[in-house]
Amino acid sequence: MDTAAKALRFAWSSRQAWWFTATARTRDRFARTTLGSFWLGISNLLSISVLAVVYGTVFKVQDFNSYVVYLGTGLVIWNTIAGAVQSAPNLLRSNAGNLKNTNIHPIFYSLEEWAFQAQTFFQSFGLVLLALMVFQPTLPLHLISAGLLPLINLLLFIYWFPLLLCLLGAHFEDLYQLVPVALQVMFLLSPILYKKEALGTLGWTADINPLYRVLSNIRHALIEGQLKLDHALPLLLLNIIGTWFSVWLLERQRRYLPFLV
Amino acid sequence: MSEKNPVLELRDIWLRIPVNTREVRTLKKTLMRSVTGGSLRKTTSGTEIEALRGITCTIRHGERVALIGHNGAGKSTFLRLISGIYLATSGFFRASCPVFPMIQKSFITSPELSGLQAVKGHYLLTHGNLRGFSEYLHDIVEFSELGDFIHLPIKGYSEGMSARLLFTLLTSGNHDCLALDEGFGAGDARFFERAQRRLEEFIETAGTLILASHSDGLLRQFCHRGLVFSQGQIIFDGPIEESLSYYHGHCC
Numbered sequence: 001m002d003t004a005a006k007a008l009r010f011a012w013s014s015r016q017a018w019w020f021t022a023t024a025r026t027r028d029r030f031a032r033t034t035l036g037s038f039w040l041g042i043s044n045l046l047s048i049s050v051l052a053v054v055y056g057t058v059f060k061v062q063d064f065n066s067y068v069v070y071l072g073t074g075l076v077i078w079n080t081i082a083g084a085v086q087s088a089p090n091l092l093r094s095n096a097g098n099l100k101n102t103n104i105h106p107i108f109y110s111l112e113e114w115a116f117q118a119q120t121f122f123q124s125f126g127l128v129l130l131a132l133m134v135f136q137p138t139l140p141l142h143l144i145s146a147g148l149l150p151l152i153n154l155l156l157f158i159y160w161f162p163l164l165l166c167l168l169g170a171h172f173e174d175l176y177q178l179v180p181v182a183l184q185v186m187f188l189l190s191p192i193l194y195k196k197e198a199l200g201t202l203g204w205t206a207d208i209n210p211l212y213r214v215l216s217n218i219r220h221a222l223i224e225g226q227l228k229l230d231h232a233l234p235l236l237l238l239n240i241i242g243t244w245f246s247v248w249l250l251e252r253q254r255r256y257l258p259f260l261v
Numbered sequence: 001m002s003e004k005n006p007v008l009e010l011r012d013i014w015l016r017i018p019v020n021t022r023e024v025r026t027l028k029k030t031l032m033r034s035v036t037g038g039s040l041r042k043t044t045s046g047t048e049i050e051a052l053r054g055i056t057c058t059i060r061h062g063e064r065v066a067l068i069g070h071n072g073a074g075k076s077t078f079l080r081l082i083s084g085i086y087l088a089t090s091g092f093f094r095a096s097c098p099v100f101p102m103i104q105k106s107f108i109t110s111p112e113l114s115g116l117q118a119v120k121g122h123y124l125l126t127h128g129n130l131r132g133f134s135e136y137l138h139d140i141v142e143f144s145e146l147g148d149f150i151h152l153p154i155k156g157y158s159e160g161m162s163a164r165l166l167f168t169l170l171t172s173g174n175h176d177c178l179a180l181d182e183g184f185g186a187g188d189a190r191f192f193e194r195a196q197r198r199l200e201e202f203i204e205t206a207g208t209l210i211l212a213s214h215s216d217g218l219l220r221q222f223c224h225r226g227l228v229f230s231q232g233q234i235i236f237d238g239p240i241e242e243s244l245s246y247y248h249g250h251c252c
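As given, the protein sequences belong to chains A and B, one line each in that order.
Counting in the working numbering, the first sequence runs from 1 upward without gaps.
Counting in the working numbering, the second sequence runs from 1 upward without gaps.
Hint data in this document are derived by calculation from the structure and do not stem from the laboratory.
Mixed in with the good hints, there may be bad ones.
[Unchecked claim] Straight-line C-alpha distance at most 25 Å; calculated SDA-like pairs for lysine to any residue: (1) A:K100 to B:I240; (2) A:K195 to A:T205; (3) B:K29 to A:A96.
These numbers come from a predicted model, not from an experiment.
Make the full structure from the sequences, and use the hints.
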């Protein structure tokens with residue numbers, strides 16, 4: 001217990017530093033563009049539009065408006081989860097110089113990456129939500145009334161799950177090559193482009209897919225304006241345990257990290 | 001803190017560094033090993049280097065300690081251990097105050113970001129807030145002679161510019177305990193002289209100093225106690241002159 005607490009204390013005391021370095025990265029990404037961070041939302045909107053037209057036609061969707069909202073919210077959340085997961089295996093390796101030569105706790109790098117991913121999410125999610133209000137004006141209201149707990153679950157999940165992968169990635173040098181393949185398979189298996197009912201007897205695959213469980217919880221809250229407490233609370237418990245465990249593991253593995261990266 | 005108080009206490013410290021090769025660190029190889037019943041394990045099992053072997057010493061507040069020894073004797077590993085970069089495999093180690101490792105070779109921010117952002121990130125990490133930052137920044141820009149270049153991305157800096165900024169950044173505060181490696185760079189020749197003066201002032205302000213160097217002159221200038229390292233062990237611990245004599249008599 002004390003092991004994880006020590007790391008979390010450092011995380012809290014250095015919060016201004018890792019939040020700042022993440023924000024600087026976020027700002028720098030679009031420093032030379034006229035539209036700035038709007039590009040994130042625009043690129044998401046573009047892919048949502050194309051995919052909605054193509055798959056709406058392929059699946060012969062009856063209610064196009066609700067399909068766009070379903071696909072749009074799902075896609076923007078998936079992109080966030082996928083972005084966090086994909087960057088994880090190489091995170092420690094890309095900070096190798098500092099891990100070998102400074103006594104900054106490695107939790108700093110995981111939090112900086114998390115803050116960067118969270119900022120990216122809020123930028124794209126905000127614009128997508130604004131655009132999707134054309135099809136369903138109640139989305140912001142639903143977000144406030146039912147979406148906060150699922151949103152917390154998403155933010156916790158994109159911290160601890162990538163942190164576990166990050167520790168695995170330090171041990172297994174080929175992990176970063178497998179992650180995009182696994183993500184592609186997960187994306188196709190997750191009801192994002194299609195409804196869960198379309199999976200038929202394979203519906204259980206979505207139920208055991210942790211990435212989809214996080215995603216579907218927010219999407220349901222946004223679209224229906226209902227908080228599924230029987231899903232959200234166990235997920236919150238899992239996320240708290242996951243966060244504690246991954247930080248504990250990071251602290252346990254800390255002694256080996258300078259020699260692995 | 002009293003002059004007599006121990007700042008660092010080490011008793012029978014061992015540090016074993018695993019030598020991990022690419023052969024044993026892929027999921028593919030791990031899977032292969034499990035399928036082949038571990039027959040590959042024998043040929044690819046990891047080796048360990050005993051980087052520090054049974055180190056026992058106490059460093060008190062205000063002491064100026066020289067680490068003497070050949071390359072690979074364990075000086076830099078000792079610096080990394082006392083500053084918390086490496087954690088001991090076994091033994092007892094206690095540091096009563098934070099040890100600042102002056103062996104940093106890169107900024108905490110990405111090279112894509114500007115020098116200003118690197119300075120700000122460093123300041124936030126060491127101070128926790130931005131109070132007094134503008135004076136701090138002024139000092140950094142002035143001494144490093146970066147001028148308006150401070151607003152440009154670090155990836156566009158020359159090697160000398162990066163070294164100047166990093167040096168200025170790391171010598172910009174006071175530390176209770178300083179772990180310093182001689183190999184620490186300070187930019188081009190013109191900057192070197194000013195850097196030497198700043199480094200000397202910086203070292204003078206440190207409460208406790210642990211300095212690893214191959215330069216007898218430097219060690220005599222700043223230290224009054226010497227630890228002679230050989231093959232990861234302390235083979236002599238005494239006043240600086242005696243330590244240097246021992247080193248030159250027994251190890252050279």
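Now the hints, each set against the structure:
1. At roughly 29 Å between alpha-carbon atoms, A:K100 and B:I240 are farther apart than 25 Å, so this suggested pair is violated.
2. Under the criterion of a C-alpha separation no larger than 25 Å, the hint pairing A:K195 with A:T205 is consistent with the structure, at around 13 Å.
3. For the suggested pair B:K29 and A:A96, the alpha carbons sit about 23 Å apart, so the restraint of at most 25 Å is met.
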